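Protein sequences, first through last, are from chains X and D.
Residue numbering for the first sequence follows the working numbering, starting at 1 and increasing by one per position.
Residue numbering for the second sequence follows the working numbering, starting at 1 and increasing by one per position.
Just so you know, the hints here were simulated from the structure itself, not pulled from any lab data.
Quick caveat: nothing in here was measured; it's all calculated off a predicted structure.
Using N, Cα and C, we set each Cβ at its ideal position, and we do this for glycine too.
Just so you know, not all the hints are guaranteed correct.
Taking beta-carbon pairs under 10 Å as the criterion, some of the chain D residues facing chain X (in silico) [what the hints assert, rightly or not]:
1) P24
2) V44
3) L49
4) T97
5) L134
Here are a few chain D residues that sit away from chain X, every Cβ distance over 10 Å (derived from the structure) [to be verified]:
6) S9
7) F10
8) F11
9) I15
10) V18
11) I23
12) I29
13) G32
14) S81
15) A86
16) Y98
17) Q99
18) G124
19) I130
20) L143
Distance windows between CB atoms, simulated [claimed, not checked]:
21) F75/X <-> G148/D: 31 to 41 Å
22) G148/D <-> L43/X: 17 to 27 Å
23) G148/D <-> R20/X: 38 to 48 Å
24) G17/X <-> G148/D: 45 to 55 Å
25) R20/X <-> S81/D: 34 to 44 Å
26) A42/D <-> V59/X: 32 to 42 Å
27) Q99/D <-> A21/X: 30 to 40 Å
28) G38/D <-> P26/X: 26 to 36 Å
29) M61/X <-> A53/D: 38 to 48 Å
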Amino acid sequence: MLNWLATLFLDPITLTGFQRALLLIPICLSISIVYKTLKNPDLRSIPLASLGLCVTIVVGMWVVAVVLWILYLLFA
Amino acid sequence: MPEPANDSSFFRTPIAIVLAWLIPGLGHIYLGDRRRGGILCATVTLTFLIGIAIGGVTVVSPVKPSQNVVSRTGAPVMTSSWWFFAQALNGSYAVVTYQINKAVTDGNPTDPRYYLAWPSGDVGSVYTGIAGLLNLLIILDVLVRASGTQVPLPKTDPSGSPHHPQIRS
C-alpha cells in the first residue's frame, strides 16, 4: 500500500480519452467550495450552494465547448 | 476616531497572512473561524494532492522543458513554467513538493528521464496551480477579516426594508 502511494505521487498516471473531461468536475467542485465558504456567512448552506455552483460551471463549460465544436464543424 | 493599534493587533494581520500562506485555512483558524478554516484547508489540500497524484511531484518545478522535446513516454511536453508562480502560493505544500522533486530528479529536472508525461503533467500543473490561486483568494479574505475592513452586503428582511448590519471592527 505504501509503495503504491509513493509510486502514485512520484510518477504521473496515464490519462486517456474521456477521463480528461471528467477531471473537470473535481476542480470545479474545489473552486465552488472555496468560493462559497468565503462568501457565505452561514456554513450550513455551503454544501448545497457549492453543488449548485459546481453544476452551473460544469454545464456552462460543456455548453461553450459544444457551441465551439459546432462552429468548428460549420466553418472549418 | 480609530483607537491606536497595540502590539498584538499590529502583528495580528501579518501573522494571519503568513499562516494562511503556509497552510491554507490556518489564517482563518488563527482568527478564530475554525470551521471555515477547516473546510478551506481540507479543500485546497485535497486539490493540491489530487494534482500531485495525477502528474507526480515533478509538476511543481520552475524549470520546465520547451515544447520541442518529448517526454519519457514519447508524448510531447506542453507545460509552462508560469504555473510555478501559482503553485508557490500553496506555501509549505509547494516547498515540500519541490524539495521532493529535487531529490527525485537529482537536482536536474531538465533531464529527459524526468520530463512530464502528457496530458497527466498538464492536468497536474493545472490542479496544483488552481490550488495556489484558491489560496490567494483565501489569503486576501484573511487580510480583509484581520484588518476588519469587511463591508457586508446589505440584506433584505422579510418586510422588504433593507437591513444594514454593522461593520465588524
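Over 10 Å to the closest beta carbon of chain X is the bar; see if S81/D clears it.
17 Å, holds
Assuming the hint says 30 to 40 Å, is it satisfied by the Cβ distance from Q99/D to A21/X or not?
33 Å, holds
Interface restraint verdict for L49/D against chain X (beta-carbon cut-off 10 Å):
Holds - the Cβ of L49/D comes within 10 Å of chain X, reaching about 8 Å at its closest.
Under 10 Å, Cβ to Cβ, is where V44/D needs to be relative to chain X, so tell me if that hint holds or is violated.
At about 7 Å, which falls below the 10 Å cut-off, the nearest Cβ of chain X leaves the hint on V44/D intact, so it holds.
Beyond 10 Å from every chain X Cβ - status for G32/D:
14 Å, holds
May I ask you to test the hint 38 to 48 Å on the CB atoms belonging to G148/D and R20/X?
Holds, at about 44 Å.
10 Å Cβ clearance of I29/D from chain X
13 Å, holds
Least C-beta distance between S9/D and chain X, which was stated to exceed 10 Å:
23 Å, holds
Is the Cβ of V18/D more than 10 Å away from each Cβ in chain X?
19 Å, holds
Beyond 10 Å from every chain X Cβ: check whether that's true for Y98/D.
13 Å, holds
Hint says 38 to 48 Å; check whether the CB-CB distance for M61/X and A53/D agrees.
Violated, at about 23 Å.
Hey, does L143/D actually stay past 10 Å from chain X on C-beta?
12 Å, holds
Checked against the numbered hints above, the structure breaks hints 18, 19, 21, 25, 26, 28, 29 and satisfies the rest.
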